[in-house]
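Fit chains R, W and S to the supplied structure of chain U, relying on the hints for placement.
Chains as they are written, first to last, in my numbering: chain U, 1 to 296; chain R, 1 to 154; chain W, 1 to 193; chain S, 1 to 674.
No wet-lab data here; the hints were simulated from the structure.
Just so it is clear, CB atoms sit at the ideal spot from N, CA and C, and this is done for glycine as well.
Misleading hints may appear alongside valid ones.
Only pairs whose alpha carbons sit at most 30 Å apart, straight line, appear in this in silico DSSO-like list of lysine-lysine [claimed, not checked]: (1) S:108 to R:105; (2) U:17 to W:179; (3) U:246 to U:17; (4) W:179 to U:246; (5) U:17 to W:163; (6) U:24 to W:163; (7) U:148 to W:163; (8) S:318 to S:234; (9) W:163 to U:29; (10) U:24 to U:99; (11) R:55 to S:413; (12) S:257 to S:313; (13) S:108 to S:184; (14) S:257 to S:332; (15) S:184 to R:115; (16) U:29 to U:86; (17) W:179 to U:86; (18) R:105 to S:641; (19) S:50 to S:108; (20) U:185 to U:17; (21) S:427 to S:184; (22) W:114 to U:246; (23) U:17 to U:99; (24) U:29 to U:138; (25) S:534 to R:115; (26) S:256 to S:184; (27) S:108 to R:115; (28) R:55 to R:105; (29) W:163 to U:99; (30) S:427 to S:413.
Coverage of chain W stretches by chain U, computed from C-beta distances (three or more under 8 Å per stretch; other residues unrestricted) [said to hold, decoys possible]: (31) 77–84; (32) 90–102.
Listed below, chain by chain, are the residues.
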Amino acid sequence: MQTYSYYPGCSLHGTAKEYDHSLKLVMSKLGIQLHEIPGWNCCGATAAHSTDEILGLALPARNLILAAARNQPLLAPCAMCFNRTKITQHEIQNPATRKAVEERLDGADLEATGASRLEVLSLLQALASDEMRAAAAKWVVRPLEGLKVVCYYGCLLVRPAEVMHPDSLENPQAMDRLMEAMGAKVLDWPFKTECCGASLAIARSDVVVALGRRLLSMARGVGADAIVTACPMCHSNLDTRQAQIKARYGESFDLPIFYVTELMGLAFGFTPRQLSLSMHVTNATRLAERIGRTQG
Amino acid sequence: MPETVFEPRIVGFLCNWCSYAGANLAGTSRIQYAPNIRIIRVPCSGRVDPLFVVKAFQSGADGVMVLGCHPGDCHYRDGNYHARRRFALMHRFLNFLGIDERRLKIDWVSAAEGKRFAQVVSEFTRQLAELGPLSAISGQQAAVSSQPAAVSQT
Amino acid sequence: MSNQIIFKSGESVAGNELLQSVRERSGVQVEVCYQCGKCSAGCPAAEFMDLMPRQVMRAVQLGQAELALRSRTIWLCASCQTCSARCPMELDVARVMDVLRQMARSQRIQPAEKGVVLGYDLFLESVKRLGRLYEVGLVAGVNFGTLNPLANVFDVGLPMFLKGKLNLVPGWSGSGEVKRIFVKKGAEPDADV
Amino acid sequence: MARIGVFVCHCGSNIAATVDVKKVAETVGQLPDVVYATNYMFMCSEPGQKLIQDAIREHNLDRVVVAACSPTMHFRTFSGAIQRAGLNGYMLEMANIREQCSWVHPDKAVGTDKATDIVMMAAAKTRWSEPLFPREIGVTRRALVIGGGIAGIQAALDIANAGVEVVLVERSPSIGGRMAQLDKTFPTLDCSGCILTPRMTEVAQHPNITLYTWSEVQAVRGFVGNFEVDILHKPRYVDASLCTGCGECLTRCPWKKFTSEFDEGMGRRAAIYRPFPQAVPNVPVIDAEQCQAILSLRENPERDKVRCGACLKFCPRKAVDFRQQPTVGTEKFGAIVLANGYSLFDPAVYGEYGYGRYPDVITSIQLERLMNAAGPTGGEIRRPSDGHHPRSVAFLACVGSRDQRVGRPYCSKICCMYTAKHAIMLKEHDPHVQSYVFYMDVRAGGKGYEEFIRRAQEEYGTAYLRGRVSKVYPEGDHMVVMGEDTLLGMPVRVEADLVVLATGVQPQPDADAMARILGISYDGYGFINESHPKLNPVESNTAGILLAGCTIGPKDIPESVAQASAAAAKALGLLSQPTLLGEAMTSWVNQARCAGCFSCEAVCPYHAVERVTLRDGRRAAQVNEGLCKGCGLCASVCPGKVITLRGFSDQALLEQMNVLLLQPGERIYARNSL
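Here chain U stands alone, though its shape is the one from the complex (with noise of 0.2 Å):
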């Protein structure tokens, strides 16, 4: 039986409990154990590299040092989480930075530890293997049918390509054909890895509502009932920002944003409700509840 370890970073135990949630309840169903890696710390995300390179290294380093204590892949379901740390293992690479890193961490051995080869997965990495695929295929009791959705794959699990190694920088395919597995119908849209400006979500709303807004459009214009997501950031800008939307340019959306395993949860035939989707806060329940009735 496959085990991982498990990172689920800031968002999966704050804002995005939700995915955390279904998450595990779709892993349990695939018969996929998480052990999540105790004493973890936040990745540092684009407040650390911004403000001082090595720091933000270091603390995904750290991490790394932790799990890589359990020799098992280690599972950031996090966007951010990941790409930060899938970063850190690309730029210790050089000796150099390895070294500024390892006196941050009082002198911790990257190599030694395993941390630096540590098999880093995102969730998409994790679930949309051919295999994986198959194996989720056949607990879907719920068909997704007649859902319309649209993939949105966001910055941070495409770029850099040479360290996310996405199956396209421009139009990955992975959870569009996942997706299509639990039955939605997948629709193309030219703003799969568009940015939503999560990084300036507080400092400067301004911008990232105009984003949301422009991504939000895009994904209606071409007949979307939902977008689906594997990155906290964008969710949760996505999610929690229409209201700001209406207020500034008076236009409402009301577009459900799914964590693709709240999909394939629903799909699995779990409730709303154990998939706590009530904590959207912009209405989800109704879209999933209204995919139970369409099956009868």
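Coordinates of chains R, W and S only, in the frame set by chain U:
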């Protein structure tokens, strides 16, 4: 030991069609490089007899370069392939003579690679400076004279 | 800041200090940028910037430190890396922005986007103290710092709180270790504030 | 002892600036067998050459060393000079103290020191020089032209009009090449077909031209004046001798839905087709992969009745032959002109432009087909998605040009011009169209070119926006083009009904393979190297193989035509000689000492080594000097060292090392030569 004052003496065999033209391009493009190399023009890297290389070391060269056309581009169809095979063996033979095989450099420089020529030469010079001078190996005479036949069977 | 650039006799443009140190710290050969503008064209935040990302690169090429480090642009960069991904010269523009932010901080330059910087500091402060992020503290901090106490509170914060997304009580604060990761460096991030 | 004369050139300041030429001459002058050494401002000049000739007579020199530029530059010059003074042309050595010394070593002390060594080595080499006499070889008075585009057509016509027999080989079903696909040509806007088709028919009817279309060059043997070429004739499945080109078959073929290569996917064709109406020859070809009759024969070659067969049924001359087989012919030529043209960059590489993902993003060559009156839309510009006439069109320049990321850092040269042409033509087609051109720089060097660009902007109101586009995406019924106006420093968003990608010029995908077949060298992209970029722009570095058109690099029609004529002239010059001088620096076997192991025979790339039986019955190797190209492989593998490569003998090469290396530290002139 970068601060060494030792200036290695390098003999470079350059094929007329690619590498020699590449060296000329480095000149016309005014790309500077280490002056230590002395160039001997040959029609093809395949013309370079392993004997020459041994003689060069014997006469006190610190390093020898054989530069030819990139594989597939040989002006004489496949001369550079012969050279490549031959000098693969040559490296082993040098070790046997007690000569560090890094002192013999086989590389490909096309007529369009003036910049690359300069880089290859400077890099090789730097490396030899680190290896230091090659002490005379006249003691190996016997081995040397019996060598060409052995190596030429490519 | 005067509105002209003067190159003094004997001065080496390609050798200017800003360009050298940016290249050294980022490993990006800024001098080869040929100003095609593809970075700015695809930048999601470009319309809010004072300088186009391309112009920031230009400023670095010409050693115009003031222009680059005092710009809003470096702070409005969302690190989405679209620019780096598409640059025809394979230059990591986002990395340059990163380095410029770091330089601005270490040189104590008054950031053109106070809120963003304050956000970073409080974020890091939270991580430093608690090992993890404490959103409520962060939002409150930024709002009071930017003299805009109620920004995002009713339309975003409150709903999120009601949905149980915001923990009023900070979570795990286990790690002195994490604190030391900060302490180790010469100039602490919050020392700049 | 040899009597060597050494002549050190200043080359103005090119050498003298960083090499103490006087000192070099003095130093070398002290070598025992150097009887005369001097220096002069320009050795290659008339007085310079005279100086050498006088010295030869005065000091009766038997060997000459000219220390100046590269032998590839001036060996011929000085060789001629000493011949006029009565010496054999090969008693000359050039010491390359310019390209390989003065230009790369700014320090005068270092330069002088190295220059001295180089001259010493040259002097040492001449000691082993001997008079050489290149043998005469016959010339086959026929030319092969590879590629039936405008360059190949022009070269073939020029050669044929000079009364020389030409074979023109084209691998597609018709000649005409890229130019045949074009609608109009810049900057005159004359109709491409109207000026091309007469030339095409001229080729077809010319008594001196044999045209092989649907054929490919497979192998090339031999050398200048005497090439032997294998040409593959692919089965056309239509007997050209019977076909009248009536075109009945094209209309009768029931399978009409295949994408037309010639129309770049904008149009359809049948399984039996003719790339375009004015095709030359006007004989259709059957696409074997798509023809039911041929496929049925593949399943069962024995069957006597094929599937379908409509074309044959309705052919008035019964010219269709489903059972045709490929054939290979071997022919002899004296010279070859390579004009195999170029291919266009595949823009799908740019995910951000959505080519292949969005139907209304097309390439410039596709637009040419849409504009062409003989094209799939009859010259009506309708966008692929819904067939509407676009009112707003965005052009993206430098797609696959000047881009490190996609491995195409060079400028494709023609895109600026053809894009301006397209903007103008669009306006001509529909005065309501607004065109936008996203460019990085407008490169319009050429007669009437800049004026043409200005017209596009001033008379036709084309909006030029300086900046590279980052992304193209659909929104509603139009495309959005995201760029920056770098002149204003502002993001621009253009809503376009149609987006046209000006794709760059790149070598044919199999350019390198072709080059290997011909034994000529090519650059990192696959463009063929000229033997000298300035002074031999249409010669490859293999004698007798000439180049024309975009096989060398991006260029426009007038340039290609000019080059084709230049290549033709070079070919004619070569073919007009009754005989050619062969390679003088060839190998010879000292048969008295040859052990007959034939290692040499095994490595010779030209099969120039023959086995002979000597009078005493021993078997020995012998080199056929007509075939020998002087690579010296045989000499270096000969275990007994009994093979000598004239001009590059073991002694000559070793002697250079000796003067250089023996007695470390000491200057060579202190010791006697061997």
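Against the structure, the hints:
In summary, the hint linking residue 108 of chain S to residue 105 of chain R is supported, as the alpha carbons are separated by about 28 Å, within the 30 Å threshold. Straight-line distance between C-alpha atoms of residue 17 of chain U and residue 179 of chain W comes to about 26 Å, which keeps the hinted pair within the 30 Å bound. Pair hint residue 246 of chain U plus residue 17 of chain U holds up; C-alpha atoms about 25 Å apart against a cutoff of 30 Å. Between residue 179 of chain W and residue 246 of chain U, the direct Cα distance comes to roughly 41 Å. Violation of the 30 Å bound is thereby established for this hinted pair.
Using a Cα cut-off of 30 Å, the hinted pair residue 17 of chain U and residue 163 of chain W holds, with the two alpha carbons roughly 10 Å apart. With a C-alpha separation of about 20 Å, the suggested pair residue 24 of chain U and residue 163 of chain W falls inside the 30 Å cut-off, and the hint holds. With a CA separation close to 26 Å, the supplied pair residue 148 of chain U and residue 163 of chain W stays within the 30 Å bound. Between residue 318 of chain S and residue 234 of chain S the CA atoms are separated by roughly 20 Å; this keeps the pair inside 30 Å, and the hint holds.
For the given pair, residue 163 of chain W sits about 26 Å from residue 29 of chain U by alpha-carbon distance, which is consistent with the 30 Å threshold. This hinted pair does not check out: residue 24 of chain U and residue 99 of chain U have alpha carbons roughly 36 Å apart, beyond 30 Å. Between residue 55 of chain R and residue 413 of chain S the CA atoms are separated by roughly 51 Å; this puts the pair beyond 30 Å, and the hint is violated. Taking the CA atoms of residue 257 of chain S and residue 313 of chain S, the gap is near 20 Å; set against the 30 Å cutoff, the hint holds.
In summary, the hint linking residue 108 of chain S to residue 184 of chain S is not supported, as the alpha carbons are separated by about 58 Å, beyond the 30 Å threshold. For a cut-off of 30 Å, the pair hint linking residue 257 of chain S to residue 332 of chain S is broken: about 42 Å separates their Cα positions. At most 30 Å may separate the alpha-carbon atoms for a hinted pair to count; residue 184 of chain S and residue 115 of chain R exceed this at roughly 41 Å. In summary, the hint linking residue 29 of chain U to residue 86 of chain U is supported, as the alpha carbons are separated by about 27 Å, within the 30 Å threshold.
A distance of roughly 22 Å separates the Cα atoms of residue 179 of chain W and residue 86 of chain U; the hinted pair therefore holds under the 30 Å criterion. For the suggested pair residue 105 of chain R and residue 641 of chain S, the alpha carbons sit about 24 Å apart, so the restraint of at most 30 Å is met. A C-alpha spacing of about 29 Å is found between residue 50 of chain S and residue 108 of chain S, which places the hinted pair at or below 30 Å, so the restraint holds. For the hint linking residue 185 of chain U to residue 17 of chain U, the alpha-carbon distance of about 26 Å falls within 30 Å, and the restraint holds.
The straight-line distance between the Cα atoms of residue 427 of chain S and residue 184 of chain S is roughly 14 Å, inside the 30 Å bound, and the hint therefore holds. Proximity of residue 114 of chain W to residue 246 of chain U is assessed by CA-CA distance (about 27 Å); at most 30 Å being required, the pair is judged to hold. Straight-line distance between C-alpha atoms of residue 17 of chain U and residue 99 of chain U comes to about 36 Å, which puts the hinted pair past the 30 Å bound. About 11 Å separates the Cα atoms of residue 29 of chain U and residue 138 of chain U, which keeps this hinted pair within 30 Å; it holds.
About 19 Å separates the Cα atoms of residue 534 of chain S and residue 115 of chain R, which keeps this hinted pair within 30 Å; it holds. Distance hint between residue 256 of chain S and residue 184 of chain S is fulfilled; the C-alpha atoms sit about 28 Å from each other, no more than 30 Å. Under the criterion of a C-alpha separation no larger than 30 Å, the hint pairing residue 108 of chain S with residue 115 of chain R is consistent with the structure, at around 22 Å. Among the hinted pairs, residue 55 of chain R with residue 105 of chain R is consistent with the structure: their alpha-carbon atoms are about 15 Å apart, no more than 30 Å.
Using a Cα cut-off of 30 Å, the hinted pair residue 163 of chain W and residue 99 of chain U is violated, with the two alpha carbons roughly 44 Å apart. At most 30 Å may separate the alpha-carbon atoms for a hinted pair to count; residue 427 of chain S and residue 413 of chain S meet this at roughly 23 Å. Restraint check on the segment 77–84 of chain W versus chain U: 6 residues with Cβ-Cβ distances below 8 Å, three needed, restraint holds. Coverage of the segment 90–102 of chain W by chain U holds. Counting CB-CB distances below 8 Å, 5 residues qualify, and the rule asks for three or more.
Figure legend: structure checked against the earlier numbered hints; hints not met, in rising order: 4, 10, 11, 13, 14, 15, 23 and 29.
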